[in-house]
Amino acid sequence: MVRLDRSRRKFLLSAGAYTSSSVLLASCLGNPPSRTQNTVATPVSSSVDSNLETTTIKLGYIPIVEAAPLIVAKEKGFFAQYGMSGVEVSKQANWGSARDNVEIGSAGGGIDGGQWQMPMPYLISEGLITKNNVKVPMFVLAQLNTQGNGIAIANKHLGQGFGLDVSGTRDYIVGLKAAGTPFKAASTFPKANQDFWIRYWLAAGGIDPDNDLDLLVVPAAQTVANMQTGTMDAFSTGDPWPYRIVADQIGFMAALTAQIWPAHPEEYLAVRADWVEKHPNATKALLKGVIEAQRWCDLPENRPELAEILAGRNYFNLPVEILTSTLQGKYTLGDGKPAVDNFQSGPLYWKDDRGNVSYPYQSHDLWFLTESVRWGFLPPDTLTTAQELISQVNREDLWREAAQELGIAASDIPSDTSRGIETFFDGISFDPQNPQAYLDQLTIKRI
Amino acid sequence: MTTSSFPKSSNSPLQAWIPAFRQHVLPPLLGILGFLLIWQLFSSSGLTRLPGPASIVLEERTRELLLYPFYDLGGLDKGLFWQTLASLQRVAIGYCAAALVGISLGILIGLSPFMNKALDPIFQFLRTVPPLAWVPIALAALQQNEPAALFVIFITAIWPILINTAVGVQQIPQDYRNVARVLQLPKQKFFFQILLPSALPYIFTGLRIAIGLAWLAIIAAEIVMSGIVGIGFFIWDAYQNNYISEIILALVYIGGVGLILDRSMAWLQSRLFR
Numbered sequence: 003m004v005r006l007d008r009s010r011r012k013f014l015l016s017a018g019a020y021t022s023s024s025v026l027l028a029s030c031l032g033n034p035p036s037r038t039q040n041t042v043a044t045p046v047s048s049s050v051d052s053n054l055e056t057t058t059i060k061l062g063y064i065p066i067v068e069a070a071p072l073i074v075a076k077e078k079g080f081f082a083q084y085g086m087s088g089v090e091v092s093k094q095a096n097w098g099s100a101r102d103n104v105e106i107g108s109a110g111g112g113i114d115g116g117q118w119q120m121p122m123p124y125l126i127s128e129g130l131i132t133k134n135n136v137k138v139p140m141f142v143l144a145q146l147n148t149q150g151n152g153i154a155i156a157n158k159h160l161g162q163g164f165g166l167d168v169s170g171t172r173d174y175i176v177g178l179k180a181a182g183t184p185f186k187a188a189s190t191f192p193k194a195n196q197d198f199w200i201r202y203w204l205a206a207g208g209i210d211p212d213n214d215l216d217l218l219v220v221p222a223a224q225t226v227a228n229m230q231t232g233t234m235d236a237f238s239t240g241d242p243w244p245y246r247i248v249a250d251q252i253g254f255m256a257a258l259t260a261q262i263w264p265a266h267p268e269e270y271l272a273v274r275a276d277w278v279e280k281h282p283n284a285t286k287a288l289l290k291g292v293i294e295a296q297r298w299c300d301l302p303e304n305r306p307e308l309a310e311i312l313a314g315r316n317y318f319n320l321p322v323e324i325l326t327s328t329l330q331g332k333y334t335l336g337d338g339k340p341a342v343d344n345f346q347s348g349p350l351y352w353k354d355d356r357g358n359v360s361y362p363y364q365s366h367d368l369w370f371l372t373e374s375v376r377w378g379f380l381p382p383d384t385l386t387t388a389q390e391l392i393s394q395v396n397r398e399d400l401w402r403e404a405a406q407e408l409g410i411a412a413s414d415i416p417s418d419t420s421r422g423i424e425t426f427f428d429g430i431s432f433d434p435q436n437p438q439a440y441l442d443q444l445t446i447k448r449i
Numbered sequence: 013m014t015t016s017s018f019p020k021s022s023n024s025p026l027q028a029w030i031p032a033f034r035q036h037v038l039p040p041l042l043g044i045l046g047f048l049l050i051w052q053l054f055s056s057s058g059l060t061r062l063p064g065p066a067s068i069v070l071e072e073r074t075r076e077l078l079l080y081p082f083y084d085l086g087g088l089d090k091g092l093f094w095q096t097l098a099s100l101q102r103v104a105i106g107y108c109a110a111a112l113v114g115i116s117l118g119i120l121i122g123l124s125p126f127m128n129k130a131l132d133p134i135f136q137f138l139r140t141v142p143p144l145a146w147v148p149i150a151l152a153a154l155q156q157n158e159p160a161a162l163f164v165i166f167i168t169a170i171w172p173i174l175i176n177t178a179v180g181v182q183q184i185p186q187d188y189r190n191v192a193r194v195l196q197l198p199k200q201k202f203f204f205q206i207l208l209p210s211a212l213p214y215i216f217t218g219l220r221i222a223i224g225l226a227w228l229a230i231i232a233a234e235i236v237m238s239g240i241v242g243i244g245f246f247i248w249d250a251y252q253n254n255y256i257s258e259i260i261l262a263l264v265y266i267g268g269v270g271l272i273l274d275r276s277m278a279w280l281q282s283r284l285f286r
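From first to last, the protein sequence lines stand for chains B and A. Numbering-wise (my numbering), the first sequence opens with residue 3 and increments by one. Numbering-wise (my numbering), the second sequence opens with residue 13 and increments by one.
It should be emphasised that the hints constitute simulated quantities derived from the structure, not laboratory data. It is possible that part of the hints are untrue.
[Said to hold, decoys possible] Some chain A residues well away from chain B (every beta-carbon gap over 12 Å; in silico): (1) P65; (2) Y188; (3) A192; (4) V264; (5) I272.
[As the list claims (entries may be wrong)] Chain A side only, calculated, beta carbon under 8 Å to chain B, not exhaustive: (6) L85; (7) D89; (8) W94; (9) Y251; (10) N253; (11) I256.
Keep in mind that this is a model prediction, so the values were computed, not measured. Beta carbons are placed, not taken as given, at the ideal position from N, Cα and C, and that holds for glycine.
Can you build the whole structure from these sequences, using the hints too?
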């Protein structure tokens, strides 16, 4: 009896072990059933230029909607279509890492170029933010997108009147400073886009970003965590963070950049100059892939698939719902402000109300340099040499060639390197012919 | 431990297990369960935003990672087994280099009072530098991505090995040294038969502390490299997205590997001193 018992127990044990382990193995070893990869149809490679010097390049990106054209060009096969079959898009830990990696170059395990805030390519070219101030010349090749950014405010400031016009909150903010608890605002990299947007917005309301509050550089996730615990008050950030901050009831949106400066220049594709000079045909093939991707991204019917691609673990690693509404131009602002529901107010990649988005207008680079002078980030004499610097760094000529070879309609290719006069929400205007006049209109500045 | 100590109960090996189980498995098991329970209660109470341990199973994204450690959908989209393995390789390279350099330098310092006096302040100064601070320095010095990342692991792990080895060599009893002198032992013999055996316990203590430190540097190292498969970059990415339960799961992997490495080092140590 004992024997029987033992053997039966043994049998039960081993049988149980066998079935459970086989179930475990079957589940563990495969890929998750929910994540069967959708096969991407690679378009027919009809337009491959056989004169390509290389088919590979390593491009860095930051997981925000600005990176979409690069990821789509890779995922939907637009790079491969023009012969760039070996493009690698590499997620960067933060803007500082991207800068470090482009200094190294892909030969040293870094990147050749990628997505940049303005005027980072200029600052890197001039050796202003590189190690030991080594100049690493870069070429701006295309603009990746417009809009898709905004200013978020922590919930504890609800009802204080934070909106597009913040002149009404000036006393409140100055009061906080006087009380020894200064208003704290953050952006993700100093002296570039998001820093500029919040500075412009504050200064337009008569608030001095350098003296009336603390403006810091903090990684996005940390800023949001700090907004939650009440140690950060405002965040100048890009999609999808505005959506997440409102959805998680951490804060509300004071303004979208689409309201501060409609169709404003946002982030850019820039590549090391030595790479471009060595691979002129591959550069154009790369640009064709990006342009095709931007056209694809802007078709409203493609936006759900775009959200799907970006949300993947390989890219943004987000639940897809977070991206869906953003990519349709739907924003909940909160704090009693009406919601925004307009495709043209969200991120745009190919065309906006002012024309082409992809073309890198030199007049926009000039604004970024002028704004850098305004805040004392660059010396005032930058303006006298700006045109020369821009013609070195901004290679709109390459974009133009690529677009023509691609057969883009002439009406979609800007005829001038300037988009003309730009107007901001507060009525200030920037005439690329006369940047000094823009500076003269402004009251809060560091010159 | 073995059945032989319980001859009466040989009809059921299970009974032999019970005392051993009670003695060795039950206390840590109860400790862990108690810890998890308190943690879960704490996070369910709403006092904190930290998700409880149950979130690893309950949260859909994390559960997927838990159930499919071996999945591979290309690129960064890989299961945690592959992420950990990739990091383990980096840690192994940095750690082995640290062991090699640390032990050699440690012996040098231990043997020469002059070198000790000359280098000790530098070492004491450098060993307090946190891993992340080494990143820009390594990048500027090496101009290469991967070597810089490995250097960060190396430099974080080397200090306990170096310092412990030096102390171990300095602690060789004076009697041994005298005997060696009297017998006029050749240098080689002194090294292998006196120095190494008496310093070995110290060296191993250093090596075991260093394993923990080498893992400490993995996040910093993988941020440098950016966009690679590895548990450090995985954690960074999860942090950017506020996926706390994914971070907790990754920490279980790191802790588990660290534990295994530490135990195997202890085992190696016990074998060597037998």
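For each hint, the structure was consulted:
The Cβ of P65 (chain A) lies farther than 12 Å from every Cβ of chain B, with a closest approach of about 20 Å, so its non-interface assignment holds. Against the 12 Å criterion, Y188 (chain A) stays outside the reach of chain B, whose nearest CB is about 48 Å from its own CB. The non-interface label for A192 (chain A) is consistent with chain B: the shortest C-beta to C-beta separation is roughly 48 Å, beyond 12 Å. No Cβ of chain B comes within 12 Å of the Cβ of V264 (chain A); the nearest lies about 15 Å off, and the non-interface call holds.
For I272 (chain A), the non-interface assignment is confirmed: its Cβ lies about 19 Å from the closest Cβ of chain B, beyond the 12 Å cut-off. The criterion of a C-beta within 8 Å of any C-beta in chain B is met by L85 (chain A), whose closest approach is roughly 6 Å, and the hint holds. With a least beta-carbon distance of about 4 Å to chain B, the hint placing D89 (chain A) at the interface is held under the 8 Å criterion. Hint on W94 (chain A) is violated. Least Cβ distance to chain B is approximately 12 Å, over the 8 Å limit.
For the restraint placing Y251 (chain A) at the interface with chain B, the shortest Cβ-Cβ distance is roughly 6 Å, inside the 8 Å limit, so the hint holds. Contact between N253 (chain A) and chain B, as hinted, is supported at the beta carbon level, the nearest pair being about 6 Å apart and thus within 8 Å. Evaluation of the I256 (chain A) hint against chain B yields a violated restraint, the C-beta minimum of about 10 Å exceeding 8 Å.
Comparing the model with each earlier hint shows violations of hints 8 and 11; every other hint is respected.
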